[in-house]
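Here the protein sequences line up with chains A and B, keeping their order.
Residues in the first sequence are numbered from 1 upward in steps of one, following the numbering used here.
Residues in the second sequence are numbered from 1 upward in steps of one, following the numbering used here.
Hints in this document: simulated from the structure, not taken from any laboratory.
This one's a predicted model, so the numbers in the text were calculated from it and none came from an experiment.
Don't take every hint at face value.
[Said to hold, decoys possible] Pairs of lysine-lysine, DSSO-like flavour, derived with a Cα cap of 30 Å:
id, chain 1, residue 1, chain 2, residue 2
1, B, Lys59, A, Lys15
2, B, Lys128, A, Lys12
3, A, Lys130, A, Lys154
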Amino acid sequence: MALIETIDLQQKYDKQYILKSIDLSINRNEVFALIGPTGAGKTTLIRLLALLELPASGKIYFDRIDVTHSKRLRLEARRRMSLVLQKPVVFNMSVFDNAACGLRWRHENREAIRQQVNSVLELVGMADYKNRNARTLSGGETQRLAIARALAVKPEVLFLDEPTANLDPVSISKIEEILAHIIREQKTTVVMATHDMAQGQRLAGRIAVLMHGEILQIGSPGDIFSLPESRELAEFVGVDNILSGVIVARDDNLVTIDVNGSLIQAISNYGLGEEVHALIRPEDVTLAPHKEASSARNTFEGRIARIFSLGPLSRVEVACGFPLLSVVTKKSAEDLSLTVGKKVYATFKATAIHIIKRWN
Amino acid sequence: MTELWQGLVKAVELIISLDPEVMVVAGRSLRISATSATIAALICLPLGSFIHCHRFPGKRLLINIVQTLFSIPTVAVGLFVFVLFSRAGPLGGLNLMFTPTVMILGQVILITPVMLGLTISALSGVDKAITDTAIALGASGFQMAVITLKEARYAVVAALIMGFGRAVSEVGLALMVGGNIKGFTRTLTTAISLETSKGDLELSIALGIILISIALIINIALNRIQQR
Chain A
1 MALIETIDLQ QKYDKQYILK SIDLSINRNE VFALIGPTGA GKTTLIRLLA
51 LLELPASGKI YFDRIDVTHS KRLRLEARRR MSLVLQKPVV FNMSVFDNAA
101 CGLRWRHENR EAIRQQVNSV LELVGMADYK NRNARTLSGG ETQRLAIARA
151 LAVKPEVLFL DEPTANLDPV SISKIEEILA HIIREQKTTV VMATHDMAQG
201 QRLAGRIAVL MHGEILQIGS PGDIFSLPES RELAEFVGVD NILSGVIVAR
251 DDNLVTIDVN GSLIQAISNY GLGEEVHALI RPEDVTLAPH KEASSARNTF
301 EGRIARIFSL GPLSRVEVAC GFPLLSVVTK KSAEDLSLTV GKKVYATFKA
351 TAIHIIKRWN
Chain B
1 MTELWQGLVK AVELIISLDP EVMVVAGRSL RISATSATIA ALICLPLGSF
51 IHCHRFPGKR LLINIVQTLF SIPTVAVGLF VFVLFSRAGP LGGLNLMFTP
101 TVMILGQVIL ITPVMLGLTI SALSGVDKAI TDTAIALGAS GFQMAVITLK
151 EARYAVVAAL IMGFGRAVSE VGLALMVGGN IKGFTRTLTT AISLETSKGD
201 LELSIALGII LISIALIINI ALNRIQQR
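Just chain A, with the same shape it has in the complex (with noise of 0.2 Å):
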């Protein structure tokens, strides 16, 4: 059985649903990231989960025991996990005692709390700010400690909220480091809630899409960000063309689909004269000055209506009949010197759309 299991757990505040029905299974040793955008309810689904408030209903099991309402089990489950909250805060004392509060609590002997202090503080780059007081700590700082602090316990299961949130760049990829880490050599099971997609594709095993307190769609992070299941999904996961239109032909599992007049091929097993979206990202959608002979189905022409810079990468928006995204790399952006009103050939294979149902 699952390490943590909950059964339709919901979660309200002041009548209002912040969590509806939430039926998930985490699994010893695996690295599971709840991701969604913000008020979706993750902080709200992590501390449940972390056994830190008590859910209006429905049951939450650790390690096959309901711990939902017992505060002995409670607090024994909870000596077994630790939780990095969203905006840390340090205790008013140093950093080494800050670490060793964890272990403390549970009476462990002072040689074995200096020697995991010391080890945590090593693992996350702390330990020459010792003897700081915490309270001095920069924000970046702050959060390593925080992670320390919490693995110092040695947790069977680490929760994490949004581990980098309000964070600088190289902070970011320090954190990640750090986690990356963990998550290879310590064999923890990880929980962690992130509003970046990125990064919960960088880390994680599973994936839970959560968006107005209810669970939409689990999968590997392959899954989540190819194969989204709803028109919602796939915006949030970033595929940003989403075309509607209507089956008008099919050849065993090749469909066309007419989309604004303009033909699609793609592979799905949706029926004659459905209507569905395609999601193409734009990362599948390549361009060229010219028309090339290609294995790919589609390719239309159109104009560059708008580009977009980011930093290594260009957006560039093209009139095809419908508008279609292209992520393009700065350089090729360069070498094919595309400008706003160039014409340009947009392709992308079959296989890279993804079909979903429309639901009206």
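Since the structure of chain A is already known, use the hints to place chain B on it.
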């Protein structure tokens, strides 16, 4: 003006010469008030933590009542204790009237509201994230209360100082239930009150200076402790 000047000179003489009577009275004042403040602290720290950590119906009302009692007149507490412990009162049989014990008891009643109220507001000043963090790190209810008190230590110590200050400086209660008996229940404040009405301003001023000095020393000492 000359009286005041003479008073100051006399006061300094009395203090420098460690005048035995002055010292005995000062020592007694300190002892009685420190004892009441300690007892009140032993009640208020756990009780304040308990009230802060628990949600129950009437909590807001309870806190309002406690805050109202901040300004209870010392003579009102004096009257209450007097009625309880006077010969004909329900606890008259204990024969505690006009003893330091009953003064301590009265002072505990007097300063508990202010200490309790300020302790609760000190604890409410602690970021909710601190208690969440403690719980998440596996603190039990008691361990969480301790860390919360520690985090609020500056404000908590201020609450204790406030309580002690009110005890050492009050006169109505000490006079009513202590009786200002020389060598037994005479304290700095009752002595000042008596000496002033007798016209001995020098002694009153000396005692007043000592009273303020005691308050100052206690403050400095507690501030030292909390800064560690």
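Consistency of the hints with the structure:
1. Proposed proximity of Lys59/B and Lys15/A is supported: the alpha carbons are some 22 Å apart, at most 30 Å.
2. Distance restraint check for Lys128/B and Lys12/A: the Cα-Cα separation of roughly 19 Å lies within the 30 Å cut-off, and the hinted pair is therefore satisfied.
3. Between Lys130/A and Lys154/A the alpha-carbon distance is near 19 Å, which keeps this suggested pair within the 30 Å criterion.
Taken one by one, the earlier hints all hold for this structure without exception.
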